[in-house]
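**Student:** Sequence:
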Amino acid sequence: MTVHAERVVLTVEEAAERLGVGRTLVYALVKSGDIESISIGRLRRIPCDALDDFVERLRSLARDLPEPSDH
Numbered sequence: 030m031t032v033h034a035e036r037v038v039l040t041v042e043e044a045a046e047r048l049g050v051g052r053t054l055v056y057a058l059v060k061s062g063d064i065e066s067i068s069i070g071r072l073r074r075i076p077c078d079a080l081d082d083f084v085e086r087l088r089s090l091a092r093d094l095p096e097p098s099d100h
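Okay, so the sequence shown: first residue is 30 according to the working numbering, each after it adds one.
Mixed in with the good hints there might be a few duds.
What follows is a list of derived Cβ distance ranges for each label pair [said to hold, decoys possible]:
1) 95 / 70: 43 to 53 angstroms
2) 73 / 96: 31 to 41 angstroms
3) 95 / 47: 26 to 36 angstroms
4) 78 / 57: 14 to 24 angstroms
5) 71 / 98: 47 to 57 angstroms
The hints are simulated quantities; they were obtained by calculation from the structure and are not laboratory data.
All C-beta atoms, glycine included, are put in the ideal place defined by N, C-alpha and C.
I would like the entire structure built from these sequences, with the hints used as guidance.
**Tutor:** Below, the structure written as structure tokens:
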């Protein structure tokens, strides 16, 4: 019997697809530290929970923005 566990890390390309952005932006977010990444040998991977944390931080920032005024 083969058990397929849910993946815990993504490639940069997979993370970009999941976010709906280009891989260049994901590389920039990794480089700036906005998205946590790990090295596995010579490979760069993004933990799924790090991607979830990034999205939650964006949502939190959006909630904290002042409401636009009606002019």
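**Student:** Please go over all the hints and tell whether each is borne out by the structure.
**Tutor:** Status of the hints after comparison with the structure:
Between residue 95 and residue 70 the beta carbon distance is about 46 angstroms. The supplied range of 43 to 53 angstroms therefore holds. Against the hinted window of 31 to 41 angstroms, the Cβ-Cβ separation of residue 73 and residue 96 comes to about 39 angstroms, which satisfies the hint. Against the hinted window of 26 to 36 angstroms, the Cβ-Cβ separation of residue 95 and residue 47 comes to about 30 angstroms, which satisfies the hint. For residue 78 and residue 57, the hinted distance range of 14 to 24 angstroms is satisfied, since their beta carbons lie about 20 angstroms from each other.
Taking the beta carbon of each, residue 71 and residue 98 are about 52 angstroms apart, inside 47 to 57 angstroms as hinted.
In this structure, none of the earlier numbered hints is contradicted; all agree with it.
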